[in-house]
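Keeping the supplied structure of chain A fixed, place chain B upon it in accordance with the hints.
Those protein sequences? They're chains A and B, same order as listed. Residues 274 to 752 (the numbering used here) make up the first sequence, in order. Residues 56 to 544 (the numbering used here) make up the second sequence, in order.
The hints are simulated quantities; they were obtained by calculation from the structure and are not laboratory data. Wrong hints could be hidden among the right ones.
Said to hold, decoys possible - Subject to a maximum C-alpha distance of 30 Å in a straight line, what follows is the list of computed DSBU-like cross-link-like pairs (lysine-lysine):
id: 1; chain 1: B; residue 1: 428; chain 2: A; residue 2: 555
id: 2; chain 1: B; residue 1: 71; chain 2: B; residue 2: 525
id: 3; chain 1: B; residue 1: 431; chain 2: A; residue 2: 558
id: 4; chain 1: A; residue 1: 537; chain 2: A; residue 2: 403
id: 5; chain 1: B; residue 1: 71; chain 2: A; residue 2: 555
id: 6; chain 1: A; residue 1: 555; chain 2: B; residue 2: 431
id: 7; chain 1: A; residue 1: 352; chain 2: B; residue 2: 407
id: 8; chain 1: A; residue 1: 403; chain 2: B; residue 2: 145
id: 9; chain 1: B; residue 1: 525; chain 2: A; residue 2: 352
id: 10; chain 1: A; residue 1: 352; chain 2: B; residue 2: 431
id: 11; chain 1: B; residue 1: 431; chain 2: B; residue 2: 512
Said to hold, decoys possible - Computed footprint of chain A on chain B; a stretch qualifies when at least three of its residues, placed anywhere within it, have a C-beta under 8 Å from a C-beta of chain A:
id: 12; region: 148-158
id: 13; region: 227-237
id: 14; region: 247-253
id: 15; region: 288-300
id: 16; region: 378-384
Small disclaimer: the values here were computed from a predicted structure and weren't measured. Ideal Cβ positions, reconstructed from N, Cα and C, are used throughout, including at glycine.
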Amino acid sequence: MHWETVIGLEIHVQLACDSKIFSSASTTYGKEQNTQASLIDLGYPGVLPVLNKEAVMMAIKFGLAVDAEIADLSIFARKNYFYPDLPKGYQISQYELPIVSGGQLFITLDNGIEKRIGITRAHLEEDAGKSIHDKFSGTSAIDLNRAGTPLLEIVSEPELSSAKEAILYMQKIHQLVRYLKISDGNMQEGSFRCDANVSLKPKDNTELGTRAEIKNINSFRFIENAINYEVERQKEILEQGGSVVQETRLYDSDAGETRSMRTKEEANDYRYFPDPDLLPVKIDKKIIEKIASSLPELFDQKVDRYVKTLSIKHVDATEIAKNIELAEYFENALNTYNGNPQLLANWLITEVMAILNKDKIDIASLPISAKSVSQLIQRIDDGTISSTIAKNIFSQLIESEMSVDELIKEQGLEQISDTNEIEQVITTVLNENQEQKDQYLAGKEQVLGFLIGKVMQKTQGKANPKLVNDLMVKILSNH
Amino acid sequence: MERFTVKAIQNMLSDKQISAAELFDLYSSRIADYDQSLNAFITTDIQPNAAYMSDDQDQESPIDSALTGIPYAAKDIFCTQGIKTTCGSKMLENFIPPYDATVVRRLKKQGAVLLGKTNMDEFAMGSSNETSYFGSVHNPWDIERTPGGSSGGSAAAVAAGLAPIALGTDTGGSIRQPAAFTGITGLKPTYGRCSRYGMVAFASSLDQAGILALSAEDTAIFLESMAGFDPLDSTSVEEPVPQYSQYLEENIKGKIIGLPKEFFDGSLGSAYEALIAESIDNYKKLGIVFKEISLPNIGYSVPTYYVVAPAECSSNLARYDGVRFGYRSQNIEDLDQFYRTNRQIGFGQEVKRRIITGTYVLSTGYYDAYYLKAQKVRQLINQDFARAFESVDIILGPTTQTAAFKLGEKIDDPVSMYMNDIYTISANLAGLPAISHPIGFVEDLPYGLQLIAPHFKELNLLNLTHQYQKVTDWHQAMPRLLKSSEDND
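The following block holds chain A by itself, in its conformation from the complex (with noise of 0.2 Å):
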């Protein structure tokens, strides 16, 4: 039989708000443990929470960039459970009426079609904190930092129909939230995580198959080896008649493997009930219509217009908006820059992405300013060095606190463009190179590369290598 995959996938993402989503405690990642909790993230006796209002507006944000109706009244509910690391026995989330409901994206699949995924709803919550079940020997710790961090959850309807189309629409989500600014996507702390819902039914079937959940994937590879064992897995199970059972499963890494980790019947009873210490979320039209105005240029505007208005190649469009702080390098180095963007874009892919690859750095690391990049482009387009020398003194950017000027002089690194200087030395090399100057002469005009370079070589690539092909030509064609 040919199974068809069906995949929902929940992303987890956390806000980037200073404070945790109802006290006001920090949400610096990585202190020592137990130092950013308050008295509310510990849910001591008698403590109350107060909503963070940045985190309303960041999952309105989120709303209106996916196209979603923004929920004028919303609620938070309690989900009530029992473990260690959730202080309070309860999580404050949203079940009905949650801020965000009923969006759509995009993404494109190999084939360049658009395939839209809808997005059932997005609702604000709070992290619990974390068990370290490894660190001592017999006995379980809990770190409640992250407790009250708050997260949005980005449920996606089941139409997802491939572990690559997941990844598309993770990459998608992950591009977006970073955009908007609401997080900053930290897949390592966790700041980005995923559930899949996967089951499989016949094809042309209408009626979804039995769904197992599979918790807290962090990374794009993880999602996908995840999401194609557990369809292996299952259509092995449904190949030989049996049938899938309905529970969560974890993904061990280290295996490869999705495990059961409960059944539904082990499944918790949430007991969801209005948090009746938090009142009614309102939110006034107005507000909705202020975020929407100021909402930033989203990467396909970018691409459009990087295209239309600048004139870049859409490949290369593309290939720096897919990260929008590549993007925010590339237009405040454009910003200093008076030449064709296409040359910034194309130093950007080709030499500013070869040491972020090279180092593994992301560019908010990169050592080398944007205006840098584009003082040295300008003195490209200018004639002032060549780009072999603009590659030198690029990778001199990182260590020195020198500006670009400042090392071309230094270094005597200006370009010869000295009409004399260079014949001299191009007299000087054809006299040296007698063989080759007569298989010119007899026709054979490949040997000119061999020539200017005989002649950069000897002016340590500083010579105008336009200059240096139009005189060889000229002083030849005199022969």
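Chain B alone, transformed into the frame defined by chain A:
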């Protein structure tokens, strides 16, 4: 022994008849002398705030407010920084909060002096003070009887003169019923009037801090210092706080009181009915007009309450797991056993009963039939009141079914115990302010009368009660017990 009102103490302090330190000592020694028979206090070994305790009468007090140097007691449900806050439970037997509840902080800031933490039903769940882990409180009018609950310790302390005034909380009648049972004045303000921050939660949508006092005037003096919006409590309301004590003499002539026929269906004893009739006459003499009204859904108050309150309690009390604070059993093998043992030993029977009830009504398959239904009925009860207040200023009714009953009489019959709150619960469900004030005695036991006002109209309640107390002296009657012990001195 004389019971001093807050008003009287203010005068004594300003006339320098007594110092704040002497007052503190006076009440401390009263507690030491008399509380053995009442058990009204759980914690009394409190260091008074030195700033307000200077014996040097010439030295200017650092704070000059109406409350500077006024001693008060607080129900042990209010978190007090550095002072044990047990909530009447073994679970919190050794819990010392690192912070003050907002109302406590506000009183402290104005110079009020905490005398002690009063006994209460465990987590405020009970109507007789018998569910306290620290033993029952005894009613100063008859030590074989309950002072009511859950703010029984506060009521007994004020009635017996062991504190001039006390804080309580009222979730279903926990201030008004004990006030009635001990012959004092008890106010539950509007939901949202006083901050709940630092009040150990029982049922969050119903809990409200209030006052047990000897008079409406004292109540007004404290309320104006406690009330008001608190950014730490999202359910507190940004509504201006009147200087209640300045408006107590306002004319009440022509005010209309509604008498809900559902409150007077013949189920009260004739003696209590006679007292109410007499108090209605008193109010008529003060120029009040009476009108019969109907609150058709009021009969559903008790069942509605016993769905909503346990539901919220089951969730509110989930944090008592022994992980971060509270009772923690040793030598436990696994997590489930850890939770079970801590909660089994840490909580008493009534608390467990309500947690289980609440867990049940929120469960999948029962939520709609119980919790959701109860919320709808709650809306109907709200609407009943809203409609009634279109034509009346105040609603009058009994506070309790009877006078204080004997300790042990109802503790094994939860339903009969729950019915105790039949007249008080509706004000909590609708979030309305309500007061109970004394109206007389039957067989030497005090009875109270309840007045309910529209939201944020506490002033109407205090205004009426104050004028009633100017023409009657029931609120000045002192418990026999302490009088006789004084006579023996």
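The hints, checked one at a time:
For the proposed pair residue 428 of chain B and residue 555 of chain A, the alpha carbon gap of about 24 Å is at most 30 Å, so the pair holds. With a C-alpha separation of about 26 Å, the suggested pairing of residue 71 of chain B with residue 525 of chain B holds against the 30 Å cut-off. With a C-alpha separation of about 28 Å, the suggested pairing of residue 431 of chain B with residue 558 of chain A holds against the 30 Å cut-off. In summary, the hint linking residue 537 of chain A to residue 403 of chain A is supported, as the alpha carbons are separated by about 24 Å, within the 30 Å threshold.
For a cut-off of 30 Å, the pair hint linking residue 71 of chain B to residue 555 of chain A is broken: about 53 Å separates their Cα positions. Under the criterion of a C-alpha separation no larger than 30 Å, the hint pairing residue 555 of chain A with residue 431 of chain B is consistent with the structure, at around 21 Å. This hinted pair checks out: residue 352 of chain A and residue 407 of chain B have alpha carbons roughly 20 Å apart, not beyond 30 Å. Distance restraint check for residue 403 of chain A and residue 145 of chain B: the Cα-Cα separation of roughly 29 Å lies within the 30 Å cut-off, and the hinted pair is therefore satisfied.
Restraint check: the Cα-Cα separation between residue 525 of chain B and residue 352 of chain A comes to about 52 Å, which exceeds 30 Å; the hinted pair is violated. The straight-line distance between the Cα atoms of residue 352 of chain A and residue 431 of chain B is roughly 21 Å, inside the 30 Å bound, and the hint therefore holds. Proximity of residue 431 of chain B to residue 512 of chain B is assessed by CA-CA distance (about 25 Å); at most 30 Å being required, the pair is judged to hold. Only residues whose C-beta sits within less than 8 Å of a C-beta in chain A count toward coverage, and the region 148-158 of chain B has 5 of them, enough to reach three; the restraint holds.
Residues of the region 227-237 of chain B with a Cβ under 8 Å from some Cβ of chain A number 0, which does not satisfy the need for three, so the listed coverage is violated. Given a C-beta distance limit of less than 8 Å, the hint that chain A covers the region 247-253 of chain B holds, as 3 residues qualify and 3 suffice. Note: the region 288-300 of chain B has 3 residues with beta-carbon separation from chain A under 8 Å; the three-residue rule is met and the coverage holds. As drawn, the region 378-384 of chain B meets chain A at 3 residues by the rule of a beta-carbon pair under 8 Å; at three or more, the given contact holds.
Of the numbered hints stated above, those contradicted by the structure are hints 5, 9, 13, listed in ascending order.
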